[in-house]
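Engineer: Here's the letter readout for the chains.
Number of protein chains: 2
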Amino acid sequence: MPAGLLSAFEDYEAALAANDLGALAGFFVPGPHTLRGDAAGLLVGSDAIAGFRAGRPGVVRRSIRSLHVRAIGTDHALIVSENEPFAGGAGLVTQLWSRTAAGWRIETAQVAASAPAIDRSIWRVAGTPLVAGEVGGTLAGVRVAVKDLFDVAGFAVGAGNPAYLESATPATASAPSLTALLRAGASVIGIAQTDEFAYSIAGANVHSGTPPNPRVPGGLPGGSSSGPAAAVALGQADLALATDTAGSIRVPASYQGLWGLRTSHGAVSRDGVLPLAPSFDTVGWLARGPEVLRTAAAASLDTDRQLPVPARFAVCAQTVFAADEGVQAAFVDAVDRLERSGHLSAVEIISLDPLADLFETFRTVQAAEAWRAHGDWVDAHPGTLGPDVRSRFAFASLIDEDEAAGHRIDLAEARERLDAALDGRILLLPSASSTAPARTASGAKIEAIRTATLSLTCLAAIGGYPAVSLPGLSVAGAPLGLSLLGPRHSDLALLDHAAGLAQGLAAGLAPDVGTGTAGIVGNTVETLRA
Amino acid sequence: MPAGLLSAFEDYEAALAANDLGALAGFFVPGPHTLRGDAAGLLVGSDAIAGFRAGRPGVVRRSIRSLHVRAIGTDHALIVSENEPFAGGAGLVTQLWSRTAAGWRIETAQVAASAPAIDRSIWRVAGTPLVAGEVGGTLAGVRVAVKDLFDVAGFAVGAGNPAYLESATPATASAPSLTALLRAGASVIGIAQTDEFAYSIAGANVHSGTPPNPRVPGGLPGGSSSGPAAAVALGQADLALATDTAGSIRVPASYQGLWGLRTSHGAVSRDGVLPLAPSFDTVGWLARGPEVLRTAAAASLDTDRQLPVPARFAVCAQTVFAADEGVQAAFVDAVDRLERSGHLSAVEIISLDPLADLFETFRTVQAAEAWRAHGDWVDAHPGTLGPDVRSRFAFASLIDEDEAAGHRIDLAEARERLDAALDGRILLLPSASSTAPARTASGAKIEAIRTATLSLTCLAAIGGYPAVSLPGLSVAGAPLGLSLLGPRHSDLALLDHAAGLAQGLAAGLAPDVGTGTAGIVGNTVETLRA
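Chains as they are written, first to last, in UniProt numbering: chain A, 1 to 530; chain F, 1 to 530.
Bear in mind the hints are in silico, worked out from the structure with no lab data behind them.
Beta carbons are placed, not taken as given, at the ideal position from N, Cα and C, and that holds for glycine.
Accuracy of the hints is not assured; some may be wrong.
Covered by chain F, per the in silico footprint, the following chain A stretches (three or more residues, Cβ under 8 Å) [stated by the list, open to error]: (1) 32-45; (2) 69-80; (3) 110-123; (4) 226-234.
Can you make the complete structure from the sequences, with help from the hints?
Structural biologist: Following this line, the structure appears as structure tokens:
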């Protein structure tokens with residue numbers, strides 16, 4: 001045993017037990033190359049590690065069951081330790097220690113802790129399955145995460161709020177949009193978390209916590225379909241049954257590298273789905289690839305009502321400049337590449353009403369409808385909403401009927417102008433104004449991102465248009481979605497165009513990226529001499 | 001980057017993708033000190049690692065997202081790699097590689113893979129909670145894992161068999177034994193897996209898989225309350241609501257270091273609980289400590305019917321010799337220590353009927369009752385049972401009523417002789433004939449262990465006695481339970497005696513074991529020079 005190592009290990013365990021952040025930070029080698037990983041991802045750099053520690057309540061108390069030490073030369077040692085949390089379970093830690101002038105310090109650590117029965121940030125209820133689908137069908141074997149706004153026979157709707165769940169009664173039948181999936185052979189694996197009343201696009205929930213974003217460790221998952229999206233991104237489900245009022249499918253799809261479809265307004269029944277703002281609410285889905293998404297859409301949409309849409313594409317400078325610089329660059333680069341490779345023919349530039357005006361009109365009508373749907377409940381249950389959603393409902397409560405009526409007229413006119421400007425073309429735009437913000441971002445920053453993103457996503461809401469978000473763009477390693485917005489009832493055709501563009505994007509990538517099965521294809525290869 | 005390391009890493013990933021067991025074994029340094037750990041525990045030695053690989057279907061296909069390499073001297077390197085499974089999620093691997101004459105080889109590895117929504121080997125359904133209890137009460141905050149034999153309002157009983165679940169209808173009310181816990185403030189976190197129809201003590205299920213045993217990596221969890229016990233041992237639940245016909249609570253308690261109580265026959269309502277053999281079936285609980293167990297028992301038993309029992313203890317040589325040698329030694333040592341420390345006064349030696357005769361009589365009556373309960377269903381659903389349970393029902397189907405009637409008379413007489421031999425004393429015996437067998441043990445070995453263990457556990461079944469299994473004994477690091485068997489309706493008093501003995505066992509341990517909070521208190525400290 002190298003001198004001093006065991007006592008350093010013991011001191012570190014004692015600092016963990018006390019959650020002594022200062023002492024803990026001192027045990028890690030300072031600098032950008034120190035690593036700490038667990039089931040939620042890998043943190044790179046001592047600052048990221050210290051930030052993570054500051055944001056958690058501490059480590060469960062535990063005893064060490066076994067310790068395996070490998071001395072490597074005189075100045076390094078690997079310690080593998082098994083621990084037994086006092087609250088049950090077992091943990092495992094692998095640490096690379098190095099002897100520094102200040103004593104033994106940790107260079108890298110991988111930590112496995114005992115997992116809960118289910119991750120409450122993602123799921124409210126889960127089963128194996130929770131509801132079995134019919135045998136056979138086009139969706140046989142597909143596991144569905146149902147957003148907690150849909151009636152599932154035998155279960156109450158919780159809408160992301162425990163007090164609401166408590167006041168709700170179990171549904172006697174499943175929503176028709178869910179029944180369509182079950183008939184096609186899909187099964188329900190669980191009921192997944194949502195931002196409260198779906199009235200947010202951040203993907204955080206003060207009651208159940210923030211789901212992980214497996215593609216951006218430390219990043220928000222996007223909402224309001226946060227739980228279903230994380231479940232699909234993690235491979236815990238294959239399909240999310242979700243809603244999109246003004247981005248609640250497209251934003252988490254963009255943040256997590258998923259496919260998402262917001263359907264044409266009214267194309268899929270909203271019966272048995274808790275409303276937010278009925279003029280804009282739509283049902284849709286998220287999946288890891290276009291095939292499952294298209295199969296779900298085909299099983300759910302009235303195909304007789306579906307219309308073709310020609311391959312005429314448009315972009316609008318305003319929708320590009322509304323996004324942050326990295327998103328602008330990624331979007332422009334993607335359109336350029338698709339044009340050069342022939343996947344997009346001459347893209348037309350169009351003008352739209354000022355986005356700020358459109359968004360203001362949209363959000364006022366949305367708020368008036370949200371208050372009509374939930375105002376009585378919100379008034380009767382003070383203190384039960386998280387601060388963000390509470391402030392949104394407070395704003396909504398102030399809109400009087402006259403004001404809302406005026407905005408409704410504005411909205412109808414704006415919609416006519418949108419129809420005219422698009423003229424049957426497919427609008428290409430970034431799915432969100434940024435990639436996933438950090439979970440630790442300030443409220444002001446989240447609010448600014450919300451405004452910028454909603455000014456993009458509200459276009460489909462205003463027009464009642466279908467919109468697809470496809471993955472394949474990225475900014476500094478974080479995924480970003482490309483959105484296609486098409487004429488009403490062109491949902492399936494839009495998906496087919498999107499699948500073509502996705503192939504074009506994949507083909508345009510460097511040959512060593514995304515093509516290997518087991519080779520080294522990733523973003524980062526970092527080598528250091530320890 | 002050390003020469004040859006990256007290509008060794010790539011070759012290893014390729015071997016994983018192909019699940020090439022021969023190649024994979026070659027990548028690990030041969031010998032007893034090589035380590036591989038994941039969420040299920042730490043495997044020690046290259047043989048254990050190869051055995052683990054042989055028993056799993058292979059690794060999910062994945063790409064590498066990032067690679068962090070630390071060269072340590074010339075002959076060692078640590079590689080931390082993030083991967084992206086094609087089926088979603090994210091994985092993390094930390095490996096210590098060493099340069100050998102044969103090339104780069106892995107000395108230690110810790111692997112984190114994407115987890116499913118719920119572990120189907122433990123749970124059928126889980127929620128946050130699944131059923132909320134009343135506010136306040138003696139069990140406030142206690143999360144209950146309900147064995148899948150109990151009615152839970154709104155859910156069908158599955159009994160560990162998917163075909164049975166499919167033919168069952170949702171319960172309109174919860175079983176009274178569950179209602180008692182909910183009234184006391186406990187909530188249901190989920191419905192947990194059982195051996196099929198509870199007709200086994202192994203803890204394996206061909207449909208949902210074998211739950212982990214967090215105290216014995218690679219060991220069986222014990223059954224039939226396998227899922228609830230694993231949930232409690234893992235800290236995913238605090239209390240298991242379970243059944244014990246002939247050991248189904250005491251055996252998993254023993255294998256996993258838990259507390260378990262089988263109640264006096266008839267002391268807790270079996271309404272709303274799927275029967276196996278009603279003459280022996282009892283309701284009971286498992287917990288990590290005696291406090292929660294006693295609170296659950298006090299909330300569920302009719303305290304007016306409970307009787308005191310004096311501190312008169314007995315052992316029977318036969319019940320010791322029925323166990324394997326390690327268990328014999330641990331049991332004798334524990335009784336010796338408890339006598340020397342004054343926790344046990346002079347223990348009397350008593351004689352019982354030959355255990356083999358008692359077991360034969362018991363198992364015949366049990367089988368006849370099991371066939372009466374489930375024979376029609378089993379006949380109507382050929383091919384739906386796993387081989388072990390199928391063969392047990394096949395045996396049961398051959399017992400005619402005359403034979404069963406004869407054994408019933410024998411059983412009543414045996415019970416009278418048991419009552420006389422025990423004479424109001426508390427019998428001390430090992431909770432099982434062995435510690436947890438390996439998951440890879442042969443069917444013949446499992447069957448031999450079953451017979452030996454049931455010859456111990458059937459005593460309480462025959463007498464209708466309550467029995468407590470308390471943890472604190474161990475054989476080669478694996479937990480073993482000490483059982484106390486007392487007069488009918490002495491359940492609570494028996495628990496109090498057991499708590500006293502547990503204190504005695506803990507006090508008798510070396511002062512550096514079990515007392516630290518963060519210090520090194522475990523079984524193993526192994527140091528090597530890499």
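Engineer: Are the hints correct? Go through all of them and say.
Structural biologist: Consistency of the hints with the structure:
1. 32-45: holds (count 8)
2. 69-80: Since 8 is at least three, the answer is holds.
3. 110-123: Coverage by chain F holds here, the residue count being 11 at a Cβ distance below 8 Å.
4. 226-234: This one holds; 4 residues, not fewer than the three required, reach chain F with a Cβ under 8 Å.
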